[in-house]
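Now for the letters of each chain:
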Amino acid sequence: MTPSGVITLLTDFGLRDPYVGIMKGVILSIHPQVHLVDISHEVRPGDIVDGALVLQEAYSYFPPGTVHLVVVDPGVGGARRPMVLATQTYFFIGPDNGVFSLIIRNHPEAKAHHLTERRFFLPDISRTFHGRDIFAPAAAHLSSGVEPARLGCSFTDPTVVDIPAPRVRGSVLYGTVLRTDRFGNVITNISRADLKAFLQGRKPRIRMGDHLIEGMVGCYAEVERGTLVGLIGSCGCLEIAMSMGRASEHLRSDSEKIEGTEVSVRRGEPSEDLDR
Amino acid sequence: MTPSGVITLLTDFGLRDPYVGIMKGVILSIHPQVHLVDISHEVRPGDIVDGALVLQEAYSYFPPGTVHLVVVDPGVGGARRPMVLATQTYFFIGPDNGVFSLIIRNHPEAKAHHLTERRFFLPDISRTFHGRDIFAPAAAHLSSGVEPARLGCSFTDPTVVDIPAPRVRGSVLYGTVLRTDRFGNVITNISRADLKAFLQGRKPRIRMGDHLIEGMVGCYAEVERGTLVGLIGSCGCLEIAMSMGRASEHLRSDSEKIEGTEVSVRRGEPSEDLDR
Amino acid sequence: MTPSGVITLLTDFGLRDPYVGIMKGVILSIHPQVHLVDISHEVRPGDIVDGALVLQEAYSYFPPGTVHLVVVDPGVGGARRPMVLATQTYFFIGPDNGVFSLIIRNHPEAKAHHLTERRFFLPDISRTFHGRDIFAPAAAHLSSGVEPARLGCSFTDPTVVDIPAPRVRGSVLYGTVLRTDRFGNVITNISRADLKAFLQGRKPRIRMGDHLIEGMVGCYAEVERGTLVGLIGSCGCLEIAMSMGRASEHLRSDSEKIEGTEVSVRRGEPSEDLDR
Chain U
81 MTPSGVITLL TDFGLRDPYV GIMKGVILSI HPQVHLVDIS HEVRPGDIVD GALVLQEAYS
141 YFPPGTVHLV VVDPGVGGAR RPMVLATQTY FFIGPDNGVF SLIIRNHPEA KAHHLTERRF
201 FLPDISRTFH GRDIFAPAAA HLSSGVEPAR LGCSFTDPTV VDIPAPRVRG SVLYGTVLRT
261 DRFGNVITNI SRADLKAFLQ GRKPRIRMGD HLIEGMVGCY AEVERGTLVG LIGSCGCLEI
321 AMSMGRASEH LRSDSEKIEG TEVSVRRGEP SEDLDR
Chain B
81 MTPSGVITLL TDFGLRDPYV GIMKGVILSI HPQVHLVDIS HEVRPGDIVD GALVLQEAYS
141 YFPPGTVHLV VVDPGVGGAR RPMVLATQTY FFIGPDNGVF SLIIRNHPEA KAHHLTERRF
201 FLPDISRTFH GRDIFAPAAA HLSSGVEPAR LGCSFTDPTV VDIPAPRVRG SVLYGTVLRT
261 DRFGNVITNI SRADLKAFLQ GRKPRIRMGD HLIEGMVGCY AEVERGTLVG LIGSCGCLEI
321 AMSMGRASEH LRSDSEKIEG TEVSVRRGEP SEDLDR
Chain F
81 MTPSGVITLL TDFGLRDPYV GIMKGVILSI HPQVHLVDIS HEVRPGDIVD GALVLQEAYS
141 YFPPGTVHLV VVDPGVGGAR RPMVLATQTY FFIGPDNGVF SLIIRNHPEA KAHHLTERRF
201 FLPDISRTFH GRDIFAPAAA HLSSGVEPAR LGCSFTDPTV VDIPAPRVRG SVLYGTVLRT
261 DRFGNVITNI SRADLKAFLQ GRKPRIRMGD HLIEGMVGCY AEVERGTLVG LIGSCGCLEI
321 AMSMGRASEH LRSDSEKIEG TEVSVRRGEP SEDLDR
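Protein chains in written order, with the numbering used here: chain U, 81 to 356; chain B, 81 to 356; chain F, 81 to 356.
Next up, chain U with everything else stripped away, as it sits in the complex:
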């Protein structure tokens, strides 16, 4: 695979501290012509599943040969391996702690290498900031053409963490809220394909807690202000949204995190189009 010269960065570092800028300085010192793009630095601190979901949503929109650098690394300096993962189209680099679970699930052919070749790292390696000392320099070398195999030995058991998948029990499709976005949209793990296969030409009746949402709309503007709606969001999954409002605040009990909440779908009346 030929590198595209693009490196994306996805971390839980936030933007107040200079950590992201430092990684970019390290990369530019090795590969001055690189194109750096931030995916997000607001992954919830140490939340590997949150990082895996954001990566899944974004990675495929980049040019083939892009290096995706992901540092959500609560176990930095411990036993987890620093790794590079190569699918047929992209490179992924970061800790082997499950943050690449969805890539591995969807690309069983992906090849993992343990980053061990210190000549591709910074000379001094801290035990608290491998993003700077290991991942950034290795990503810079990858993006300038170094093969993954030169960075360390391959291995076949990369870490995969459990990320809930939807399931059908009886006449009900059960899913889970994975995350909310800035607009308060509540994003589930039920894909358009899951929903179509389950509904068999009927309208969905969506239940979340005490709320029943009948049918689906195609876009946020289709209904009156303040109405809760189901729709297929931009990542291709079922979302609960509120027109001109924040569904997440409406659906959440005060004290609870909404991520992890169950969403159930039953079959309603016949319908011609999922999006109507």
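Simulated from the structure, these hints should not be mistaken for laboratory data. Treat the hints with care, since some could be wrong.
[Unchecked claim] Sample of chain F residues with no beta-carbon within 12 Å of chain U, all distances over it, derived:
hint, residue
1, Gly232
2, Cys233
3, Pro350
[As the list claims (entries may be wrong)] Quick list of the computed label-pair ranges, beta carbon to beta carbon:
hint, chain 1, residue 1, chain 2, residue 2, range
4, B, Gln168, U, Gly348, 46 to 56 Å
5, B, Pro144, F, Arg230, 23 to 33 Å
6, B, Gln168, U, Gly289, 54 to 64 Å
7, F, Ser224, U, Gly225, 27 to 37 Å
8, B, Ala229, U, Thr169, 27 to 37 Å
9, F, Gly289, B, Gly158, 52 to 62 Å
10, F, Ser140, U, Glu336, 19 to 29 Å
11, B, Glu197, U, Arg247, 40 to 50 Å
In this text, all values refer to a predicted model and were calculated from it rather than measured experimentally. Cβ atoms here follow ideal geometry from the backbone N, Cα and C, with glycine treated the same way.
Got chain U; can you put chains B and F on it based on the hints?
For chains B and F alone, coordinates are given in the frame of chain U:
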């Protein structure tokens, strides 16, 4: 107009979700040599006037031929047209919902085209994320030299929303607070030119709610800590600021939004210099 | 010194307002090939010491010849000089208000020039936004090869502000909390070298307020969840951290800022390795 190779991005997407990064990936997949610059992604969600004001403040500092990509799009997927607007110096691309109102007001010669040519979009077009599926790819094509006319038909009635302008009634100049910035500066719609024309060589007496501010200063550091002052801020408009403090918190009632508040100016003593 | 073509930006402007984007537009209008990297825009508003600390942590990871543009400038428009500072390896540009104190302390050979040559600025110079009108254009010229001496006269008394250094009194090493990071790590001004020289092969007994922390660890993951630990953090200084938690919230009284709090270290049992 020759493109500069620069695309700016202005949205209400925030930086936690991967939406901005995804748009950049789409752009780089089409135009790898582009230079991407963020103006802001913290426009208030769905607030078209806020987006229009931030764009107005920033756009003219970029190289001629820059493509300004603006996605503040509460009606995404509905009836509003996706559009490109070309002045003599810049391209603007985004929804035809009023977010370009100030550009249109100041550049009546600007030409609008309805984005309809699907070969310049992503192959699949969602109804919830035109930033990714329509605006980003079309912006990439614009910045690599595709003429606006090839993106769709021209039209002559782009949407303009009402953004308050200052007005004189009797011996008083009335203006409105448009926004506040990070430093708590309270920015009005009264420009330096408005003020000079009104004052006719006299000092301003500025009133906002119960506060009377006499005269103007040239910079924040000119007065004692905690003093409310009037000055011409960096966007060339009258601001109320507080030296080493936050005017916005001092001037706002607890329960109210400060945007939209009336500011009035009367003529005071003779003065040699507006900024003294 | 040959410029690297990289300009970093470090400000207290935040990311909601368009100020950072505007500076980038100004730079690109002068030097289109430049590579722009954000270090942080979340320096506490007007906090010169905070800016100096963030700069110190980040600057040396960039390619030699990088221009570091720093705008933390509460005295903008007043008497403080706009300046450029050149060490043997980097350029620094910003207000002469102490934000470069740590660079000057560590590089006494650095040469300062007063930015006075208006042909390298924007044509109109406001008194409230020198980042846009003076520093950004001058940085663009520097990064495209203009020598510092052409930007204005040299001077030898750049402003240095007091930033606390650790000190030994009797058998105790006293330090100060300088800042906290996103993960709640509490970062002191005691460097690894300070600590080694003081401990002379013994374990540290660290005290902060009512908390006593015995010994050090090498990384966050080494101890049980919720344990307060001392370690040498990524900037090479003593940090107090909490495994899988936020030390800053645990150590801070409700009403107080933790920055400036005293940390003391005494010598404990013999130890082979500082990091064990």
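Now for the hints, and whether the structure bears them out:
no.	hint	in the structure
1	Gly232	holds, 27 Å
2	Cys233	holds, 31 Å
3	Pro350	holds, 22 Å
4	Gln168/B <-> Gly348/U: 46 to 56 Å	holds, 55 Å
5	Pro144/B <-> Arg230/F: 23 to 33 Å	holds, 26 Å
6	Gln168/B <-> Gly289/U: 54 to 64 Å	holds, 55 Å
7	Ser224/F <-> Gly225/U: 27 to 37 Å	holds, 28 Å
8	Ala229/B <-> Thr169/U: 27 to 37 Å	holds, 35 Å
9	Gly289/F <-> Gly158/B: 52 to 62 Å	holds, 57 Å
10	Ser140/F <-> Glu336/U: 19 to 29 Å	violated, 45 Å
11	Glu197/B <-> Arg247/U: 40 to 50 Å	holds, 42 Å
Checked against the numbered hints given earlier, this structure breaks only hint 10.
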